[in-house]
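Chains as they are written, first to last, in my numbering: chain A, 1 to 260; chain B, 1 to 260; chain C, 1 to 326.
It cannot be assumed that every hint is accurate.
For lysine-lysine, the following DSBU-like pairs were computed, each having C-alpha atoms within a straight-line distance of at most 35 Å [as the list claims (entries may be wrong)]:
no., chain 1, residue 1, chain 2, residue 2
1, A, LYS35, B, LYS54
2, A, LYS35, B, LYS178
3, A, LYS223, B, LYS54
FYI, nobody ran anything at the bench for these hints, they're computed from the structure.
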Amino acid sequence: MSGLSNIKSHIQTFLKEIGELSYFTARFFKESFRKPFEFKEFLRQCYSMGNRSLVLVGITGFIIGLVLTLQTRPTLMEFGAVSWMPSMVGISIIREIGPMITALVCAGRIGSGIGAELGSMRVTEQIDAMEVSGTNPFKYLVVTRVLATTFMIPLLVIIGDAIGLYGSYLVEHLKGDVSFQLYFNQVFESLEFGDIIPATIKSFFFGLAIGLVGCFKGYYCGKGTAGVGRAANSAVVFTSLLLFIIDFIAVFAADIFYDL
Amino acid sequence: MKESNTILPQGKVTGTQEIVLEIKNLNKSFGDNHVLKNFNMKLYKGENLVIMGKSGSGKSVMIKCLVGLIQADSGIISVMHKDITTLNQTALDILRSDIGFLFQGSALYDSMTVRENLEFPLRRHSSRFEKNMDTNTLVMEALENVGLAHAIDLMPAELSGGMQRRVALARTLILQPKIILYDEPTSGLDPITAKEIIILMQDIQKKYNTSSLIITHDVDCARAISDRMVLLIDGTNYAEGTFDALSVSTDPKVKAFFKH
Amino acid sequence: MNTNSQKIRLGLFVIIGTLFFVLGIYLIGQKQNMFKKTFMISAEFQNVNGLQKGNNVRYSGINIGTVKAIEMLNDSIVKVEMNIEENIVKHIRKNAVATIGSDGLVGNMIINILPRDGIAGVIENGDMIKSFSKVEPDDLLSNLSVTIKNTEILTEDLLRITNSINNGKGSLATILNDTVMSSNLNQTIKNIKQVSENASNTLIELNGLVKSIKTDDASILGLLLNDTISGNKLKITLGNLESSSVKMENSVEKLNTIIENVNSSDGAFNYIIKDTSLVNSLKSTLRNVNEGSDKFNQNMEALKHNFLTRGYFRKLEKEERKAKDN
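Same shape as in the complex, but just chain A (with noise of 0.2 Å):
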């Protein structure tokens, strides 16, 4: 009986947690529309989001290209197909490892980064004491940050797509000896405007998705130090489960597209 009406209040509080972010997110459309738009501080966070997650970025993409390759190459050799390689390695991280990592790894860095500082500042009273001081700390504080993300990651995914084919390239250049221009001539040899145009427009709803879930977690967060950290783990998690969400529905309207 008790576990029953638990479910329950799982289901509400889910529910109004879904309610508000949507809320939350049309808030942000109306707020980004109007003026005046705070530059100065989203080139300040585009800067903190983009420069900042670079390394990180770069040395995940790295890894994941040179580890696919590693992985990839003796089924390929098996079938006497590794020439394939620099296509599919090419087509697997534009379509989708490129951007679902490099999406992950800055919900991680950027969401919860997002989550613990607007946290922190809306139980130090610092969003109170904008508020007061005639700024809109929503334009000020979720807008830039929210339009940061939204502009960086689609940017990060895309080095992080060029440093990761980068990876493959040196397993195949190291174990196969294949020339630079080679790997890549194939690589673009397979792909097509409907593999990577799709790709970015992802990116740009998975960059979307982690400023907004990041800055609701942090401008609604709970009383104390326990609601920051509260704050910036749910932000990760929610957005993590969100990417996959927006992944496959991005993936689904993009076939559909396809078909077209």
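Mind docking chains B and C on chain A? Use the hints.
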């Protein structure tokens, strides 16, 4: 339960009799917790009004209702003869520039330097000053008022608690508000630093002839600064009067405040 | 403060990211000939085998362009427009032939443009070149099918005649004297010969095709069939068909000489009638023809199950059924 209309000696009123801030029948509840019940209060121009209450008695809620950070359930809050519950965001922002708010934990923006912290409120309200007025001059003047001109390029984390509070005070003063709301100005400070802050508050009051509303549970602070006091007990204005009058009250609930 | 260097680094980051993106887009676009001066040519096919916009066009194995548009002109003709790199155009002649093939084992469909012997001018913008599609072997097979049916009918005729000779329904003399009957027999044999020749010709063409499959790597079917088991199967089937046909032809020829003998020597009736060996030879010849025809049928059946031609036969069946229904 004691009625809110308990007749107690009225405090003296300094300065003119103009009312700058008035609360009528303010109600606010969080869920089943009825925090404020028909709270009434008046702040006259140029006076220092201390509102005393136990922790969790709704002091902070009340003061946040005053600047629109928390929506009241019912009641009238008029600041400078304007009902803030009916104002739109723009009008509210303009009105807010006449109100200084010193937050409990200083609420300095910890990602910004002291200078940026002080410049922050000027971003939206620079129209209050002459166009050619240099923000640098304003920042320096505000910092000199609190004796911290040397700390201009430090980060808040590098300052002591007392210094942080003083910077926060400087930030509150930079817009030259007509009303200053202090939320626990001495909380978390050692008695000596607290005394310094109180002296600073008195200096400012003299210098700019502001009206101040001070929320505290610190009797020493109340004694030092109050012209008049309101005791907030059980969510309502239980008793009003000067410090001297209230401190000799025989009412047990009032007595509890002044007992050491 | 370091805000200036921050701005510079952010700018660098954004530029590098955008650069990579633009580079990627450019490289893909380049592969699809978006940024090169191109030249448009077209070809009409009856079947494009799943060719799509953007598929490569090759000339002598070099990628020279992409498929720009695929348009259905009417119920059986598909027009394919191709963008061709301008600098390669001077090598393509007007008599070049376009074929559709697949790239690798399970790769994309491609268009191969094959040069042909003979003199022809250089291709011009907007030209339409001939196509060579799988419809051709299909046509050959449909000819064969008709031939076989004819052979069957004729062989039956012959068999009936020889049977009546054998069973002695009336004397052979009567039969042979009966000019109608005689000319019938003559005509039948002539028909058989012609049919057999037809079949032979068709088979030679088919064989030529198969040989080109084996030898001419540039040929589309070559690309499609090389190394595949199905290709070999098809080849064997066709070989069988050919040998059956040769057998048939030999038989018919023998038959012909017999009949000619009968016809030419008026005084030979008795001789013929008495010479049982000749009758036997006639009989066995006819049996051979029959057998040949049977084998031919079997081979045709085998051809029907070959994946390449399966579609064609299915279509045939469908049409037959439709015809029946009407």
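LYS35 of chain A paired with LYS54 of chain B [C-alpha distance capped at 35 Å]: violated, 42 Å
Pair hint outcome, LYS35 of chain A versus LYS178 of chain B [Cα-Cα no greater than 35 Å]: holds, 28 Å
Hinted pair LYS223 of chain A and LYS54 of chain B, Cα distance within 35 Å: holds, 19 Å
Checked against the numbered hints above, the structure breaks only hint 1 and satisfies the rest.
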